[in-house]
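Take the given structure of chain R and dock chain A to it, following the hints.
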Amino acid sequence: MEGRCTVETWAELGISSSPTCLVNFGTDVFLCTGSDEVYAFNTQQRKLTAVLQFPGPVNDLVESYDKQVLFVPCRSGVYSLNLQFLLSRFQSSQASSCPVELKIPSEFLVVREERVLSLIHVGSILLILSQTDTSWLFSLYKTTKQTPTSKYEILSSISLPHVAQEDNELKGYVTRRPVLVCVYSDNTRPPYLSSTSSKEAKTLNQFHLEPVLFRNLFGIDSALVKSPVILCGLSDGRLCFLPLLLPGLQLRVLHHLEQPVVFVGASVVMKTSPAHAQCLVVVGELGRVVVIKREKSVAEGKYNTVSITEGCLPGPVVCGCVDKHNLYFSTGSDLFLLELSDGSQGSESQHRNEETCGALKSHTSLNVCRVMSLAEPVCGIAGEVELLGVSVRGQLQRITLPARTEVGCVVNDLLPAIGDVCERASALETSIKSKKQILVHLNHVLNIGILLIANQNSENNLPEEEKPIRCHAILNWNRLLQKESLNLTCVLNNSSPYILQQGWTLNLDVCPLSTSVSTGGESHSTTFSLPFCNLHPGQTIKVSLPLAIAEDKSFPVMVNCSLIFSLAGLLGEEQLLSSCISLPLNTLLVDWLHVLQVDCPTASHRTTISQYSSGTKDILKTFLSSQHNRCSGRGPEEVEGVLKQKEEQYSANVHVSLNLLRDTQVLKSSHIDLSHSISLLDWLLFEEHGGVKMGHQWDKTTYSSAVVRAQASNGDKIKLIARKVNVGKECLEREESPSILEVQVEGKSIEAVRGLHHAVLNRLLTLLQKASRTSASARGVYRLGLRSALHQAEHVLKQIQQSRILKAESFSASPRQMTRSVTYQELKGNCLL
Amino acid sequence: MYHHISLLDRWIQENNEFVNKWQQQQREGDSSNPGLNQTSLRWCSSKFTKLLIKIQGISPLPEHAQLELSVVYNSCVCATAQSQFTEAELLLRRSTERVLQMTDDEPPSLDPLVFWRTVLKSVKSKTFSSCILHLLCLQWAIWLASCQLKMIEAFQEDLRSLYETLCGGHGDGRKIEHKGKASDNILLLADPRQLVQLLQVCTLIAKGAEMLSEGQSSEALSCLQTASSLSAPRTLIAYTHHLSGCCLAHMSRPQMALQCYRKALETDARCVCALYQSMLIYRQLENTQAEIQALHLLYSTLMLPPVTELALPSAFLLSPSLLLGSQSLNSLLSVPTALSVLHNLAQKCVLHGRLSEGVEHYLDLLAILHSEEQQGCVATSQVPADVPHLPKVPELYLEAAAALLMSRRPADCMVLCEEVISTTQDVLPEKWVLEIEEQNESVTRDVNDRMAVLLWTGTASLLQGHCYTHLKDWKQAVIHYTRCINLLVRVCLKREGFQSQMTSSDAVVKKGTRLCILQKLKGLSLAGRGISFTQTDQLKEALRDLQLSLQASPEGVGAGLWLGEVLWRLGRTQEAAACWEKAWSVNKQSSAEGLPLYLQEPQSGPLLDSVELQHRIQELTPT
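Quick note, the sequences are listed as chains R and A, same order. With positions in the first sequence counted from 1, the corresponding number in the numbering used here is that position plus 19. With positions in the second sequence counted from 1, the corresponding number in the numbering used here is that position plus 1.
Bound conformation, chain R alone (with noise of 0.2 Å):
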């Protein structure tokens, strides 16, 4: 991203701390971490070349005027490296790739004095601070020949007391190692200097000031002499300056800052005198900072002077430098630019100068922490700014600042560039998040899904009511506006471990079981889709749906319950519309006997109770007979005048073993045989079948007698009889007690009858299957029995209903009379376990 600072760190060189230093020479870096060792690394190939070794620490290293020679300050003296013999040793042993080890022998020595705290090499000379108990002592050294081991011979020295410190408070500033750069007035160097630096090699502690700017604050003898000046910042604030070539060595305090002083340099280059600084900065350890400028407004009757600006900046201040426009400097927690120059380049801003003159601009971070020493900066040719860092860890870094000019504007820039990055960011977290939550959706609708299919596949073990999700429905009849309508009330149960979420729907599809031939095998099935949304474990969810408008539905009706899935709803997305998971839950069935309206108990009622002659022989069988009292033929009249249905009626019956409804729980109660009947009639009508339940239920203390009359969802009177009835004497041979119970459906319709007649014996066959897999298969032979005649019944059912779907639609009474004689053949013929 534009307008910031990028970090790579080039080495790790350990942890350092001590004050670190860093001399960079073109493409090597020479740095001390305050151990014995001085590392020695090349920035072009980013690795480090070598490790020298010195007999003590090293806390600072310095390089020569020239750049040509490395001087370290170490404990028994200052070594004096020549660059270009460091390199052709590192050169010498590139092939390998780890870096050389050099042990520097004690030839190297070119000063022995000890404690010295800084040194500065100007010219041929090489002035050395070191610190006596009272005072601070410079050494002025001098070495005559030019071999790089040449000894240093003393010149002269001259000490400045020590400030008398009351306070305990600047003690500890004393460790702190002087600053000490030199300046110099002129373009041109003196001539001692120039036969041996051919080209201009900056360095970090030797700045060129502003003529003027330099007479002012080192008096016109340093000016006429040339004289370069050494500046020195001292640790107890006082910031001195001394010029080389006068003569007496006279040291003078230029300024007291009042706290360690950390740097000094010479920043602000204009383009009228590329190679002069204008203003000097200096910067204390616990953030004052000092610009000494030219007093630019000169007003009348004044002369040139110079204005000392005093700022605060964050402090501490751990290290600092400067390029040509600004100060770096940076307290460990961060790194800082402070830019010195009033960004005028011309004159046309001279009057804005003048208001602005006395404040400082404010400093604006560059959010590079840690950094504890820095090497001078370089400019690239975009504008972008290159410092060296060492950090607290022993980091060897290099920062790239963005073009100059626009660092004040970055911080504008990042700011809203912070807020887009974090909305980025939430969106990115909530997109994850709701990824998240879709897994973790589709973990459950896949376990769900395998749940169901693995019920599916186990059916036969596993009972409709034991299924973890399942479908129940509750029948009920309502009257609403003289219209009697069916409505099925579905309750979806989830027993399952697993939580249905948003995004299932449940599908019920009612078709009717018996499809009419006439419309081609077509079902008429309706679907009703109902999506719902969490539906937790043990949860149920209830869902009323009108089954059918009087008169209007056949029966049974199957009812398929499904549970569907769509994707579209979990993604959002159109395409996926299509692609669903559906998983068949179970099936209801509704028939005859649940759509019975059953009428409520009468005494009128009561009494009619048809008597019905048994037919069959066999004690064990369950004779079902259905007798055709009237005249057979008469159908056609039944439908045409509800008069006449008085006349006809039919009637079928079904004989049940009363040890199997015994067996079977059906008759939980009494022993009364009445009491039984009722029962039966109870079981039949209310309990629930096939998943679905009557839904009011009847008072069985009201009913005195065992006949049920009802209205079929036609509309036809219909009556259910249950009675106990004696079998044959047959039976008494084999067994001691063949109780058999009797279940009468008489109506006028056949249809009604049929269809009752069906639903009766389903639900028998049911809870046959029920009691087979209780007790023992002893009684397979029933079952068998009684499918074979659920069977027929279907089939003649459905015969029926075709029957009466053609009489409906007025076809020639011949074929429908075959029919039905055929049927009744049929149903004659059908004999009952």
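Simulated from the structure, these hints should not be mistaken for lab results. Just so you know, not all the hints are guaranteed correct.
Computed list of lysine-lysine pairs in DSS-like fashion (alpha-carbon distance at most 27 Å, straight line) [unchecked claim]: (1) K125/A - K151/A; (2) K66/R - K161/R; (3) K486/R - K712/R; (4) K432/A - K312/R; (5) K393/A - K495/A; (6) K245/R - K393/A; (7) K343/R - K380/R; (8) K393/A - K312/R; (9) K122/R - K86/R; (10) K22/A - K170/R; (11) K589/A - K473/A; (12) K55/A - K127/A; (13) K161/R - K393/A; (14) K122/R - K170/R.
Label-pair restraints from in silico Cβ distances [said to hold, decoys possible]: (15) E120/R - R451/A: 57 to 63 Å; (16) S326/R - S320/A: 56 to 62 Å; (17) E88/A - P335/R: 48 to 54 Å; (18) S352/R - S320/A: 16 to 22 Å; (19) Q25/A - S352/R: 48 to 54 Å.
A few chain A residues that don't get close to chain R, going by computed Cβ distances all over 10 Å [to be verified]: (20) F116; (21) M252; (22) Q256; (23) Q290; (24) H371; (25) P395; (26) W457; (27) P555; (28) T574; (29) G606; (30) P607.
Small disclaimer: the values here were computed from a predicted structure and weren't measured. Glycine included, every Cβ here is placed at the ideal spot set by N, Cα and C.
Frame of chain R, contents of chain A only:
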């Protein structure tokens, strides 16, 4: 008992170890490095202090006394060598008191004289009496180094007997008669016998110098004569001769003084102070040639590579420079810096007609200033106030420029002036108020003394004007003189306490002050412009300028003569004659004295022939 002796042995061993190590370090390291010396001295000091703490940790025992006192001696030597006199003195006193506890004498009094006398009396017969004597030597050294000559005076008798005891019978002071076998060889850092000899000489020298500064020259002389007969290092003997010379000079016997100085130089060729003092005597005798010669010698001696401190036997810890720290002696031994001598030499040469030689010296001086060679010839010791300081660099430039102009090298002169002007022009004040105080002018501590800068720039312009006059480019000359005048009028004079400004004529112009220089400059520049105007026949302007010039600086000879000339040309012959007469009457010598070279009247401009003027006057009078 066994335990004690073994402890004693260990301590002796430890002590000797330190002494040996120190001596070894001295042999190895170059003694020229003061830093290194100081370091090892500090190391030594701390070692001995620690050892002493151990020894004094147990109650004083007679068997231990000798060792203890020796360690005290060593420790004190270290402290004294580091100029920690009070610490050393305290240590001496405490340790001695501790030893005295063994003799059961009453606690000695606080007065050091009484104290030492008591001590000497009570230990007379003891085995460790010699050790006490050593400590007394140190006390002497401390008194001497801290310039307590009165104390030494008071204790003179005892010190003399001490000197005789130590230097008398026994051959080597280091091996004092020891009875115990263990204490046979306790090494000491400094040989007490050498020390006492050195102390004797140094005391006499210091005493002599003190007497001399108090004006008791003859007493001083006898004292120094005694000193010169003693055996002592060569430098010290040279000092005695030199000081004797100083005494004689004070007693107005310059020739005898010169003899003494010669003796000093013969003893020690490096005795520059003798050379300097003889130069001063030549100056006093107005023997200019000899003076220049002496300056020459002095300069070349000073420019010799510095020799390491004279090698005293086994790098004596307590050096004469440490012991001879008195102010009066320092002022007698002080010598100006080499650059200052060179400047003096150049100035003398120019002023006394050896122009080319003088110019060369000036150029040498400037060259040295630009090189870094000069740092070597700066005396490291602080220069006392009475030794002339080198003038400021711009002044040296201007003097050199003036010298160049005198030797008729106007082009070179102009280069130097241009240099000064270009450097100073940014720093010039627009206006300056010069407060005239009755006493000395306060010398501002400002790096850029604005007033001085203004004067320098003005002078540079003046010299440029002189150069153009020399080249007879009158127009340019007028321009530069005008520049100078414009600069000078920026200065307003103000008497302290008075609000109003004053005219220059009101002020009493003292020689050498800023005001004097300012007035002189005004006079010279106005005169120069006036003369230039005369050459271009702008007589009215010339008349005004010359009159103003004389107002500013009445002793201007050239201005007076040329004013007469202008008046003559204007036909005011009587006035002209009066002017000339007045101009001739001015004492040329006295007016030039004390003025820098560049403020001397130019000798290179158009000149008026005095004989011809005399002739004109004579023509005038008879009629």
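Are there hints from earlier that the structure breaks, and if so, what are their numbers?
Those not satisfied are hints 2, 16, 17, 18, 24, 25 and 26.
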